[in-house]
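Next come the chains, spelled out residue by residue.
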Amino acid sequence: MNIAYFPGCSVHAMASEYDRSTRLVCNSLEVHLEEVTDWNCCGASAAHSVDHVLALELNGRNLAAARRMGFDKITTPCAGCFNRLKTAGFELKSSGLVKGDIPDVMHLLQFLTEQIGLDKIAASVTRSARSLKLAAYYGCLITRPRKIAGFDDPEQPGSMDRILRAIGAETVKWSHKTECCGGAFAASETSIVIDLAGQVLEAARQAGAQAIVVACPMCQANLDTRQKSIEKDRGIIYGLPIIYFTQLIALAFGHPVREAGLRRLLVSPLPLLKKSGLA
Amino acid sequence: MRDPMNPDYRPMRLDEIDDSLQKEIREKCGVDVEMCMECGKCSGGCSNGHVFDYTPRKVVQLVKLNAEDTLINMDALWICLSCHLCSDRCPSGIDTPRILDYMREKAYRKGVTTRPKIRLFHELMLSSVQKSGRISELPLIFKYNWMSGQYMKDAILGLKLLLKGKLSFHSPGVKAKEDIRRMFSGSSAKRTWGEP
Numbered sequence: 001m002n003i004a005y006f007p008g009c010s011v012h013a014m015a016s017e018y019d020r021s022t023r024l025v026c027n028s029l030e031v032h033l034e035e036v037t038d039w040n041c042c043g044a045s046a047a048h049s050v051d052h053v054l055a056l057e058l059n060g061r062n063l064a065a066a067r068r069m070g071f072d073k074i075t076t077p078c079a080g081c082f083n084r085l086k087t088a089g090f091e092l093k094s095s096g097l098v099k100g101d102i103p104d105v106m107h108l109l110q111f112l113t114e115q116i117g118l119d120k121i122a123a124s125v126t127r128s129a130r131s132l133k134l135a136a137y138y139g140c141l142i143t144r145p146r147k148i149a150g151f152d153d154p155e156q157p158g159s160m161d162r163i164l165r166a167i168g169a170e171t172v173k174w175s176h177k178t179e180c181c182g183g184a185f186a187a188s189e190t191s192i193v194i195d196l197a198g199q200v201l202e203a204a205r206q207a208g209a210q211a212i213v214v215a216c217p218m219c220q221a222n223l224d225t226r227q228k229s230i231e232k233d234r235g236i237i238y239g240l241p242i243i244y245f246t247q248l249i250a251l252a253f254g255h256p257v258r259e260a261g262l263r264r265l266l267v268s269p270l271p272l273l274k275k276s277g278l279a
Numbered sequence: 001m002r003d004p005m006n007p008d009y010r011p012m013r014l015d016e017i018d019d020s021l022q023k024e025i026r027e028k029c030g031v032d033v034e035m036c037m038e039c040g041k042c043s044g045g046c047s048n049g050h051v052f053d054y055t056p057r058k059v060v061q062l063v064k065l066n067a068e069d070t071l072i073n074m075d076a077l078w079i080c081l082s083c084h085l086c087s088d089r090c091p092s093g094i095d096t097p098r099i100l101d102y103m104r105e106k107a108y109r110k111g112v113t114t115r116p117k118i119r120l121f122h123e124l125m126l127s128s129v130q131k132s133g134r135i136s137e138l139p140l141i142f143k144y145n146w147m148s149g150q151y152m153k154d155a156i157l158g159l160k161l162l163l164k165g166k167l168s169f170h171s172p173g174v175k176a177k178e179d180i181r182r183m184f185s186g187s188s189a190k191r192t193w194g195e196p
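From first to last, the protein sequence lines stand for chains A and B. Using the numbering used here, the first residue of the first sequence is number 1, and each one after it goes up by one. Using the numbering used here, the first residue of the second sequence is number 1, and each one after it goes up by one.
Careful, some of the hints might be misleading.
[Claimed, not checked] Using 27 Å as the maximum straight-line C-alpha spacing, the simulated DSS-like pairs for lysine-lysine come out as follows:
#1 B:K160 - A:K228
#2 A:K228 - B:K164
#3 B:K117 - A:K228
#4 B:K131 - B:K117
#5 B:K28 - A:K99
#6 B:K106 - A:K73
#7 A:K133 - A:K93
#8 B:K177 - A:K99
#9 A:K73 - A:K173
#10 B:K64 - B:K41
#11 A:K232 - B:K164
#12 B:K106 - A:K93
#13 A:K275 - B:K175
#14 B:K153 - B:K177
#15 A:K147 - A:K99
#16 A:K173 - B:K164
#17 A:K275 - B:K160
#18 A:K93 - A:K173
#19 A:K274 - B:K131
#20 A:K173 - A:K133
#21 A:K120 - A:K93
#22 B:K160 - B:K175
#23 B:K28 - A:K147
#24 B:K143 - B:K110
#25 B:K175 - B:K153
#26 B:K177 - A:K93
#27 B:K23 - B:K106
#28 B:K64 - B:K28
#29 A:K133 - A:K274
#30 A:K93 - B:K160
#31 B:K143 - A:K228
#32 B:K131 - B:K143
No lab work stands behind these hints, which were simulated from the structure alone. On a predicted model such as this, the values are computed, not experimentally measured, just so you know.
Sequences are here, hints too, so could you generate the full structure?
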């Protein structure tokens, strides 16, 4: 199966382990990712914050490029890019600014659950993630706003939980699946991130999770890189690894730790993964 | 009826209120604030509502009251996370983040902000997009910390990330530079995200 692939700036650079593990997983599932030709930044979150037209134009160019490549579907592993691309597609279509079909934007999580299916994922598992107790964290933009995202339940989503269970892990019931991590304020207003990401870490700890699994480079960066400051702020040692869901699938499919880029995470998941036989 | 505790009080007369902002929001953003039933679900769920000066429910009310100045000068405008929880839970489907984006754009054009650092970050990010069509994270964060006078902010974290190979100095930009240039010099509104 072929699909247009939009990595985005974060996944291309700081979160390249997300890109690498996505490619590994798709390769194993016989999905060919075709990178959108000469794609540009989706503008999140500066463009929509201060220049609505610019935000539309930036994403319109990406959607047009995917359409020129002959694709009617485009997938991205980043929740920010997903939200901006999908919102632009929605607005361009509903305002009548663009005639004809606009490629349907899917977050990677949606693509894997709806187009590939849990059966196929489960069938490719060579090392079960048994004994791992995980908190699936979706963040705000994969399922919201529901009329645009059109995927899963915006309050209590379950797609990532089902994927993690398909590779053998256990997932916890918890309160903060779709709460915001502080998003784009990582650098510019760090205190907001310490506050909000701290609430997410605390909820995961209280639910008894051994690690938090994410599907967005912003969520990963905020929960992982700010964890030390949050621990200082709250006086609690969390030590929770923040792992991309594709990294865990890649391990379960038998790919080695190095290829899935697990050493690039700040809070090391290796002790936990070794204990469970995945690494 | 007179209120003895507040002698200046008199009931608000709806026909005295200018509804031009309400009409503007309906036209430009496609958001009809008249649909608001003041249930407060938006503010109850708001991720950052506990630090807002005006919660989403109040934002909608301010539009109804034509309080453009208050909206443009409020702090919530700049620290809204755009997490879309308010609009998603609204029984009337009111897109409050869109109202905030619209008002922020106005505030930006007027040069008003309560959070100069957040505005600076937006500007630096867009100037990076303008230059190469993509964002290079490391130069962006260095530049931001430097220009906001926080020379040592995240120095240790930056070093750790560097050792993990997470920060690359060079990332290839978009080849079709003229596409990006055209977007930034859009005919409808002249945009300049050059050096701030």
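Structure-based check of all given hints:
| no. | hint | result |
| --- | --- | --- |
| 1 | B:K160 - A:K228 | 12 Å, holds |
| 2 | A:K228 - B:K164 | 16 Å, holds |
| 3 | B:K117 - A:K228 | 23 Å, holds |
| 4 | B:K131 - B:K117 | 21 Å, holds |
| 5 | B:K28 - A:K99 | 21 Å, holds |
| 6 | B:K106 - A:K73 | 35 Å, violated |
| 7 | A:K133 - A:K93 | 42 Å, violated |
| 8 | B:K177 - A:K99 | 25 Å, holds |
| 9 | A:K73 - A:K173 | 32 Å, violated |
| 10 | B:K64 - B:K41 | 18 Å, holds |
| 11 | A:K232 - B:K164 | 22 Å, holds |
| 12 | B:K106 - A:K93 | 25 Å, holds |
| 13 | A:K275 - B:K175 | 46 Å, violated |
| 14 | B:K153 - B:K177 | 33 Å, violated |
| 15 | A:K147 - A:K99 | 21 Å, holds |
| 16 | A:K173 - B:K164 | 32 Å, violated |
| 17 | A:K275 - B:K160 | 25 Å, holds |
| 18 | A:K93 - A:K173 | 37 Å, violated |
| 19 | A:K274 - B:K131 | 44 Å, violated |
| 20 | A:K173 - A:K133 | 10 Å, holds |
| 21 | A:K120 - A:K93 | 34 Å, violated |
| 22 | B:K160 - B:K175 | 32 Å, violated |
| 23 | B:K28 - A:K147 | 19 Å, holds |
| 24 | B:K143 - B:K110 | 24 Å, holds |
| 25 | B:K175 - B:K153 | 33 Å, violated |
| 26 | B:K177 - A:K93 | 26 Å, holds |
| 27 | B:K23 - B:K106 | 16 Å, holds |
| 28 | B:K64 - B:K28 | 15 Å, holds |
| 29 | A:K133 - A:K274 | 14 Å, holds |
| 30 | A:K93 - B:K160 | 44 Å, violated |
| 31 | B:K143 - A:K228 | 24 Å, holds |
| 32 | B:K131 - B:K143 | 14 Å, holds |
The structure does not agree with the numbered hints 6, 7, 9, 13, 14, 16, 18, 19, 21, 22, 25, 30 stated previously, though it agrees with the rest.
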